[in-house]
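**Student:** Since chain D is already given, all that's left is putting chains V, R and L with the ligands on it; use the hints.
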Amino acid sequence: MTEINMKINIAGVEWNNPVVTASGTFGFGREYGEYIDLNKLGAICVKGLTLAPRQGNQPPRIAETPAGILNSVGLQNPGVKYFVEHEIPFLKKYTSKIIANISGNTVEEYCSMAELLSDSDVDLIEMNISCPNIKEGGVAFGTNARTVNSITREVKKHCKKALMVKLSPNVTDIKEIAKAAEDGGADALSLINTLLGMVIDINTRRPILANNVGGLSGPAIKPVAVRMVWQVASVVNIPIIGMGGIMTGEDAVEFLLAGASAVAVGTANLIDPTACMKVLEGLENYMYRNNIKDIKEIIGKVEIN
Amino acid sequence: MTEINMKINIAGVEWNNPVVTASGTFGFGREYGEYIDLNKLGAICVKGLTLAPRQGNQPPRIAETPAGILNSVGLQNPGVKYFVEHEIPFLKKYTSKIIANISGNTVEEYCSMAELLSDSDVDLIEMNISCPNIKEGGVAFGTNARTVNSITREVKKHCKKALMVKLSPNVTDIKEIAKAAEDGGADALSLINTLLGMVIDINTRRPILANNVGGLSGPAIKPVAVRMVWQVASVVNIPIIGMGGIMTGEDAVEFLLAGASAVAVGTANLIDPTACMKVLEGLENYMYRNNIKDIKEIIGKVEIN
Amino acid sequence: MYKQNYLSKISYKKEIVPGIFDMRVVCKEIAQQAKPGQFLNIKCCEGLTAILRRPISICDIDTKNQEIRFIFQVKGNGTKLLALKKVGDNIDILGPLGNGYYINDQYTNPLLVGGGIGVFPLLMLIKSISSQNSTVYLGFKNKEMVVLEKDFHKVCSNLQIATDDGSYGHKGYVTQLMEKKLQKDPVDIVYACGPEPMLRLVNNTCKKYNIPCQISLEQRMGCGIGACLVCACKIKTTQDWEYKHVCKDGPVFWGNEVIFDD
Amino acid sequence: MYKQNYLSKISYKKEIVPGIFDMRVVCKEIAQQAKPGQFLNIKCCEGLTAILRRPISICDIDTKNQEIRFIFQVKGNGTKLLALKKVGDNIDILGPLGNGYYINDQYTNPLLVGGGIGVFPLLMLIKSISSQNSTVYLGFKNKEMVVLEKDFHKVCSNLQIATDDGSYGHKGYVTQLMEKKLQKDPVDIVYACGPEPMLRLVNNTCKKYNIPCQISLEQRMGCGIGACLVCACKIKTTQDWEYKHVCKDGPVFWGNEVIFDD
Ligand SMILES: Cc1cc2nc3c(=O)[nH]c(=O)nc-3n(C[C@H](O)[C@H](O)[C@H](O)COP(=O)(O)OP(=O)(O)OC[C@H]3O[C@@H](n4cnc5c(N)ncnc54)[C@H](O)[C@@H]3O)c2cc1C
Ligand SMILES: Cc1cc2nc3c(=O)[nH]c(=O)nc-3n(C[C@H](O)[C@H](O)[C@H](O)COP(=O)(O)OP(=O)(O)OC[C@H]3O[C@@H](n4cnc5c(N)ncnc54)[C@H](O)[C@@H]3O)c2cc1C
Ligand SMILES: Cc1cc2nc3c(=O)[nH]c(=O)nc-3n(C[C@H](O)[C@H](O)[C@H](O)COP(=O)(O)O)c2cc1C
Ligand SMILES: Cc1cc2nc3c(=O)[nH]c(=O)nc-3n(C[C@H](O)[C@H](O)[C@H](O)COP(=O)(O)O)c2cc1C
Ligand code: FES
Ligand code: FES
Chain D
1 MTEINMKINI AGVEWNNPVV TASGTFGFGR EYGEYIDLNK LGAICVKGLT LAPRQGNQPP
61 RIAETPAGIL NSVGLQNPGV KYFVEHEIPF LKKYTSKIIA NISGNTVEEY CSMAELLSDS
121 DVDLIEMNIS CPNIKEGGVA FGTNARTVNS ITREVKKHCK KALMVKLSPN VTDIKEIAKA
181 AEDGGADALS LINTLLGMVI DINTRRPILA NNVGGLSGPA IKPVAVRMVW QVASVVNIPI
241 IGMGGIMTGE DAVEFLLAGA SAVAVGTANL IDPTACMKVL EGLENYMYRN NIKDIKEIIG
301 KVEIN
Chain V
1 MTEINMKINI AGVEWNNPVV TASGTFGFGR EYGEYIDLNK LGAICVKGLT LAPRQGNQPP
61 RIAETPAGIL NSVGLQNPGV KYFVEHEIPF LKKYTSKIIA NISGNTVEEY CSMAELLSDS
121 DVDLIEMNIS CPNIKEGGVA FGTNARTVNS ITREVKKHCK KALMVKLSPN VTDIKEIAKA
181 AEDGGADALS LINTLLGMVI DINTRRPILA NNVGGLSGPA IKPVAVRMVW QVASVVNIPI
241 IGMGGIMTGE DAVEFLLAGA SAVAVGTANL IDPTACMKVL EGLENYMYRN NIKDIKEIIG
301 KVEIN
Chain R
1 MYKQNYLSKI SYKKEIVPGI FDMRVVCKEI AQQAKPGQFL NIKCCEGLTA ILRRPISICD
61 IDTKNQEIRF IFQVKGNGTK LLALKKVGDN IDILGPLGNG YYINDQYTNP LLVGGGIGVF
121 PLLMLIKSIS SQNSTVYLGF KNKEMVVLEK DFHKVCSNLQ IATDDGSYGH KGYVTQLMEK
181 KLQKDPVDIV YACGPEPMLR LVNNTCKKYN IPCQISLEQR MGCGIGACLV CACKIKTTQD
241 WEYKHVCKDG PVFWGNEVIF DD
Chain L
1 MYKQNYLSKI SYKKEIVPGI FDMRVVCKEI AQQAKPGQFL NIKCCEGLTA ILRRPISICD
61 IDTKNQEIRF IFQVKGNGTK LLALKKVGDN IDILGPLGNG YYINDQYTNP LLVGGGIGVF
121 PLLMLIKSIS SQNSTVYLGF KNKEMVVLEK DFHKVCSNLQ IATDDGSYGH KGYVTQLMEK
181 KLQKDPVDIV YACGPEPMLR LVNNTCKKYN IPCQISLEQR MGCGIGACLV CACKIKTTQD
241 WEYKHVCKDG PVFWGNEVIF DD
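Residue numbers (the numbering used here), protein chains in the order written: chain D, 1 to 305; chain V, 1 to 305; chain R, 1 to 262; chain L, 1 to 262.
Excised from the complex, chain D in its bound form (with noise of 0.2 Å):
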């Protein structure tokens, strides 16, 4: 077999491969790290962080849906210090890098967790402005242009780390919001976060989520995710890293071929626990089937028709 070259570099930071875990969906790594060996992975992108400590939402938190799953965890994590504190030293312990993901109710609380994460050993800084689980914030700030790029160019300023803003998939058009993050000064973008939705059980008459509404994952968004990274890359220059429904290596090839620099697994780690190891096999064996000596040969190489 041939060599292959899976190395991309998103922002100044060179991955070892494009697989990346996407937030929320896989803790701090320490679970995962008992299934799979997390050098193996491009980079670990952590569960959500806030500035303070939050217990997240009532379950439940989940609801089955066809082909998919809907979440309202609500941002349940431990804070940015304690991240800092207590898991970056685990996660260093590997050669993927480390993304911190971030939201905030305040454009100063974004900052702050910024600051913070600037003098840590993460990588790359996920600014969160598209979680629909959480009432204050949040997604607020993702879907608006002008809240988007204001917000970027001010966490930009507090922020020694390359910055990547995660889009709402829940607006008219995603371009314009890509665009405004782009100029805001964003180093990357990832998409795409969950899509609201909701399940009613139709016997208690009541949502199923705690919460009422939740945020739609898994292969159901994927058509949907695809189409954004596609929208997205064709008004951009900077990385994406894609994200929505992917289960397998082909499903990663589609969101490299329509843009994406790298792609999160998410809802597949619930399903497998060695889902990403299973997405970058199949990765590797799409390339060596058709020959791809280099992963940066397909990025955004659909042919349009």
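FYI, nobody ran anything at the bench for these hints, they're computed from the structure.
In this text the structure is predicted, and so the values were computed from the model without any measurement.
Hints should not be assumed to be uniformly reliable.
[Claimed, not checked] Derived contacts from chain L toward chain R, CB cut-off under 7 Å, selection only:
| hint | residue |
| --- | --- |
| 1 | GLY47 |
| 2 | LEU48 |
| 3 | THR49 |
From the three backbone atoms N, C-alpha and C, an ideal C-beta is built for every residue, glycine too.
**Tutor:** This is chains V, R and L with the ligands only, laid out in the frame that chain D set:
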């Protein structure tokens, strides 16, 4: 068994039951008339019409996705005049109500169609401002509250039938759009139309649809549709026809609880030509099981946590 | 009475060449109505995994045992799942659908041309043709992929096989055999089914020799009954062209009606 | 070595009462490690139809045959599909997961209380307890739904059954039997599993009699291993409370740690 009442009233038009076909998935009823008794439907909503006949998009026009499909038919239809002359007489043979679904490139086209249909035997006019599959007009009207309001207002002036506005889910705030339509004079709302999506064939490296992107429908989108129906029901006072992934009577109940007064069956028809009948039977069974005498007892009756 | 889809029990299943399955199901209603060239729209699995039906041609009918035979190649998700079904399992089938081949006893010298998975519907067709003068040319990739030779042989003495690599029968395309025949023998109709490049060649060759031909088209489908309008194909009109639908107006069309896009 | 999910072959399957299936699968790794009170996270079907795994308690282990036994009630999509599996089929199982019951030989008078589908994990538990003084109370809806009576009887002489409608054994809730016992007999720990209303009662009763109890909670799950944080339950802290996770921190908790919301 107790008698149950399935009758509903949509903008002054009484239907025998709340099950209607979703536009574009049922042709003009002729084909499915060989599989089911068209008299048993609450209403038949026909293939989207335009002022002039349209050939539609190049094939392939369909792609399978996880628990859904993408379509890019692009409104192939014989034009509204042909419909009035050749299809209404056929449909009039049945007791089901007739809904004409109209799309235009300009406000004037919508108005002309509304006028033509005002003098016909259709019972309701569904104004489609959410078709993602045509380049001009269509969805462009439906993604901005101001234009939704003004086009509804204009068309209403030319429309002697009850006017229903079909909303696009590809928007940031469906409530705002819904209110704009209501404020413009809409007599009813229908939602959701399809989500814009893309599928890439990783072997040819081309999108499967000749049109590159298409509309996502089927079970995959159900949680998004239920959420939007619920959101819209909470802000408008006009009846809602809910749709998006309805395959069974249970699915239909979910939409009714969320606030829909009627439910449209779309993609399910393509999979099972008797789908509408199964949804109706499932709905009736749910009512018997739960001792519900009148379908109106469950409309909007979701209890929020 | 209303038409319906049928839960039909699999009575036979065999992988005849790698990745190609010969399957038979019992279904009285379909067996009674089916005509050559028509197809079935098959639900390959329950549940959501492959949600659409898959169009598969009727290959043969055993009216006595009320059996329908179809042969399919495993390509993607749906056919993969269909191949996992076992004898005794039920499959949900909608059919027979579409318009089959136009058969007329006045055609005394019909020529049938099939390529790859396009050879399957020709078996029922040749069996339905009364002429003893029929000729059948079947094209395959290589020797390993040759299927149904015996079945055709039983009902047709003028059978020739071509393989792309010459590992069996004539080396080259089946359309070369066809052109040779049209040059010297009388043929009054050509019936064809196969991949689009082959159909184009068949069409052009028939045009050249001024022989009517009927070709069976493929397109991605939804409903299979003419309602969803996804399976468009370009068909000539007196003025120009229009999109007709493979499932309802076809899958078999007269060659001279069809416009192949470049 | 890394942990993994296992494709395990079904060796036994029986519908023991309507809608409740007794299933056994062969899986060396799980059989070797499993402890009473732990659970499995089971993929009920391949493909997309029921996409999440379903948490099901380990009911018993046959270490000699490397068999794991679990019993499940058909509720929705997933369990419906699981019930369709046949002996010889493989199922994808992740486990053993979670923390089981705290077993200690110093407990000489343990009381086990199970209700409905909560009785299943108690079988492995009672088998793992060395004390001969154990008591088991099992509650069911009615006589028809009584399961595992013989299995428990074999390993425990102090077994009582209660049914809500009195059609078998004690009429009423299993917690009534429990309260009666706590009033008169020495009990040094209560182990409970069952529906939330029952667990609340168990918890309150144990509090009243000042007896430690361990209860097994239920919550909708994703990963089953503590990473996705969906399966939250309220657990007391020195100051207040925090959300812990049923899959990783439980499913078994000390009763006095748990806060039941109204
Ligand atoms: C009228 C007609 C008759 C056919 N007869 C046969 C036959 O007898 N034997 C046989 O092996 N094949 C036949 N085919 C082709 C067969 O339908 C496809 O190979 C099959 O649908 C692919 O499904 P899949 O699950 O393997 O692929 P997937 O990639 O999982 O399919 C995804 C979707 O695309 C559609 N699709 C993919 N390829 C094709 C194609 N070539 N044509 C139409 N739809 C496609 C599928 O139906 C499905 O909706 C016929 C096609 C048509 C239109
Ligand atoms: C630790 C634990 C142990 C369990 N042990 C058993 C057992 O031994 N036997 C048994 O019959 N049942 C047991 N259950 C309950 C069992 O998990 C649910 O009945 C089952 O998940 C329902 O799935 P479904 O496909 O029937 O329902 P669906 O409605 O199709 O399920 C949809 C989703 O909701 C989840 N869900 C629905 N009800 C429950 C529930 N009560 N608890 C947790 N998740 C739920 C499903 O897991 C799935 O993710 C246990 C639950 C937990 C948490
Ligand atoms: C249980 C769960 C928790 C999530 N938590 C977060 C989070 O904390 N921060 C974030 O940016 N995205 C979060 N997400 C969104 C995912 O990172 C991802 O964007 C989304 O799930 C789509 O990818 P998928 O379909 O592969 O899951 C969460 C998703 C799930 C399913
Ligand atoms: C093949 C196809 C064609 C459609 N054509 C139209 C159309 O002409 N006009 C329209 O308003 N909606 C059209 N739709 C959208 C449906 O009416 C419906 O809004 C959507 O499919 C969601 O419902 P479903 O998930 O039940 O299919 C079409 C959908 C499909 C699948
Ligand atoms: S497949 Fe629906 S019209 Fe042909
Ligand atoms: S199910 Fe994922 S943390 Fe418990």
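**Student:** Are THR49/L and chain R close enough, Cβ to Cβ, to be under 7 Å, as the hint says?
**Tutor:** 3 Å, holds
**Student:** Does LEU48/L meet its interface restraint, that is, does its C-beta lie within less than 7 Å of any C-beta in chain R?
**Tutor:** With Cβ-Cβ at 4 Å, under 7 Å, it holds.
**Student:** Was the hint right that GLY47/L lines chain R, CB cutoff 7 Å?
**Tutor:** 3 Å, holds
Checked against the numbered hints given earlier, the structure satisfies every one of them.
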